[in-house]
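Participant: Here's the letter readout for the chains.
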Amino acid sequence: MTEYPPPLPAVDRLRDIHAVTDAALAHLDIEDLLGELLERVREILHVDTAAVLLLETNSDFLVATAAKGVEDEVVQGVRIPVGRGFAGRIAAEKRAVVLDQVDHTTVLNPILRDRGIKSMLGVPLLSAGKVLGVLHVGTLSPREFTNEDIELLQLVADRIALATQARLSETERSAALALQHSLLPGRLPVVPGIEFAARYVPGEAEGVGGDWYDVFTLGSGSLCVVMGDVVGRGLRAAVVMGRLRSTLRAYAITTDDPAEILAMVDKKLQHFEPSEMATALLMVLDVNRDVFRISAAGHPAPVVAYPDGSTSLLEFDVDPPLGARTPRRRRTTEIPMQRGSVVCLYTDGLIERRGVPLDDRLEMLCVAVRVEPAEDVCASVMKALVGAEPPVDDIALLCVRISNDGPGLPLVLDFAAEPSSLARIRTALRHWLRDVGATEAATIDLVMAVGEATANAIEHAYGPAGGTVTVDIRLEGADAVVRVTDAGQWRDARGHGRGRGTHIMNTTTDDFRVERRNDGTDVFLRRRIDR
Amino acid sequence: MTALGVTLTTRSDDASVLVVVEGEIDLSNARFVEDQLLAAITNRTLTVTVDLTAVSYIDSIGMRVLFALSSRLEVAQIGFKIIASIGSPARRVIEISGFDVIVEVVESDS
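Protein sequence lines, in the order shown, are assigned to chains A and B. When we follow this note's numbering, the leftmost residue of the first sequence carries the number 1, and every step to the right adds one. When we follow this note's numbering, the leftmost residue of the second sequence carries the number 1001, and every step to the right adds one.
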């Protein structure tokens, strides 16, 4: 048993407490910081055990985070529900609790009971009136904790709370930022005839929020463009955003109707995260038909700049936000996609500025969006609407430019040598052939021939590690000339009926050649496009 | 049933099976199409009709599925018929690969 020296005068003890937040601790992470603080608490109060339990985010459990004299608590990951046991009672009642009897009626945690602790004192860690956790100390011999002890421990607890809160917010901020950065597409997809540029800026006040954007292609060859904003801030909003983003991607594989996708995302959100809300805008670009279909869940409408110099907010019916519990059927609007136009999607952080009417900000946005390369549009929008003033809310911005390059320019497509690339190659090829005025028969034949050549490369050129296939299409007089290149070595076809592809390429083109090089294979195809 | 890019709908009575295919058939989904076609046919089937009217693309791998099916049906003495509009991409491939020589190809189901 410890022999306690006579208590120090209160003034001396208070001086000791100042040691609890000295500068030497500033660089420690939260676990080390708490460990160091608990060691000092043990010395100042002459106790045998000291422990901190922190309230878990998104649950009502206290989790042992640091301990001295009862290290097992942390190692074994002790969890105490708020309201039950010793620590749970302190958190629930937000006040100090003294125990002079430690048994199963007063203490939930067997580690404390088995350790032979006789007396305990615990105080809440409070930050702005909210419970952050619990700090408790114990002695192996019976001890009557005095009012002075209680005040002293609470004083220490307040300092710990302050330091902990600061560390927690910092950890949460960096975690949210890391999550946000990992979820925003690092590289936007390369789609012939369409150009993208994007910006994301975290808010000044509370850092990262739940804004996100996403661009991906579907098996049908359509292109999905997403802009969304989860209500709330910080790590929690970033986590919900991450889930929404993958949910949306998952449903987009099953259908390409934006309203249907949003309806299912909404259903999932309401079922699994009923307290969350988000706005979202989903555009599916059908490059074959030059239209895009759009559906919005409480999200601001995109701004479109047209080749004639005019700019306007896209007009269509906007449905309620995701998670808003409205039984209404969501709507998809089909809008012609004008070649040469620029579509600008954004989150409300871009247009909301305290003390400035929304219409004025939208007007500024309409002026800034012009028919220019997507990167330039992003830059002018950020310059005009953000300037040098750090935004309060986070901002996401995505500009999509639909190219109006003249028909017949060479088209070079690089694709992963995977079966799923075939549909995209056909889509791009049909698009190009339609632009150069190819007849229907020529289109059918060329799509077929290129399809065979690319399927061959995908099936035979590479081993399991895969590779890429390049399709180069250009116009020579009335001929479309296609070269399909891979960097692999064709192996002999396996199975029966494999010569059929070669026969198809021979029959559907005016000229068909295969050139095997040391470092790959070229397939040349040529066919008139006017008959 | 729907897979990426293709949908198959089966209508059948005791003796005959009609499978309507919509979409595109290539390396990415030919296996799925084959499995669906085989699943639609039972031992009691007398005739099988595959409607390719709404197929906008089929490549040699897709044709391989049809060739394989036709030989299995021939062994089982089950009739086989294809519906494909003249001038359509599917009809073009069928003619190029000579499938119309071994299987009856019609313009519409009448």
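Quick caveat, the hints were computed from the structure, so don't treat them as lab data. It is possible that part of the hints are untrue.
Here chain B is said to cover these stretches of chain A; the calculated rule only asks that three of the stretch's residues, wherever they fall, bring their Cβ under 8 Å from a Cβ of chain B [what the hints assert, rightly or not]: (1) 51-59; (2) 420-434; (3) 500-514.
The calculated label-pair distances, taken between Cβ atoms and stated as ranges, are [what the hints assert, rightly or not]: (4) Lys1081(B) <-> Arg434(A): 24 to 34 Å; (5) Glu476(A) <-> Asp1013(B): 51 to 61 Å; (6) Arg434(A) <-> Ser1016(B): 34 to 44 Å.
Some chain B residues near chain A, calculated using beta-carbon distances under 10 Å [what the hints assert, rightly or not]: (7) Gly1005; (8) Thr1009; (9) Arg1011; (10) Val1020; (11) Glu1024; (12) Asn1029; (13) Ile1061; (14) Phe1067; (15) Ile1078; (16) Lys1081; (17) Gly1087; (18) Ser1088; (19) Gly1098.
All residues carry an ideal CB built from backbone N, CA and C; glycine is no exception.
Participant: Against this structure, judge whether each hint is valid.
Facilitator: The hints, checked one at a time:
| no. | hint | result |
| --- | --- | --- |
| 1 | 51-59 | violated (count 0) |
| 2 | 420-434 | holds (count 4) |
| 3 | 500-514 | holds (count 6) |
| 4 | Lys1081(B) <-> Arg434(A): 24 to 34 Å | 33 Å, holds |
| 5 | Glu476(A) <-> Asp1013(B): 51 to 61 Å | 55 Å, holds |
| 6 | Arg434(A) <-> Ser1016(B): 34 to 44 Å | 39 Å, holds |
| 7 | Gly1005 | 6 Å, holds |
| 8 | Thr1009 | 17 Å, violated |
| 9 | Arg1011 | 24 Å, violated |
| 10 | Val1020 | 19 Å, violated |
| 11 | Glu1024 | 6 Å, holds |
| 12 | Asn1029 | 8 Å, holds |
| 13 | Ile1061 | 6 Å, holds |
| 14 | Phe1067 | 6 Å, holds |
| 15 | Ile1078 | 20 Å, violated |
| 16 | Lys1081 | 21 Å, violated |
| 17 | Gly1087 | 8 Å, holds |
| 18 | Ser1088 | 8 Å, holds |
| 19 | Gly1098 | 9 Å, holds |
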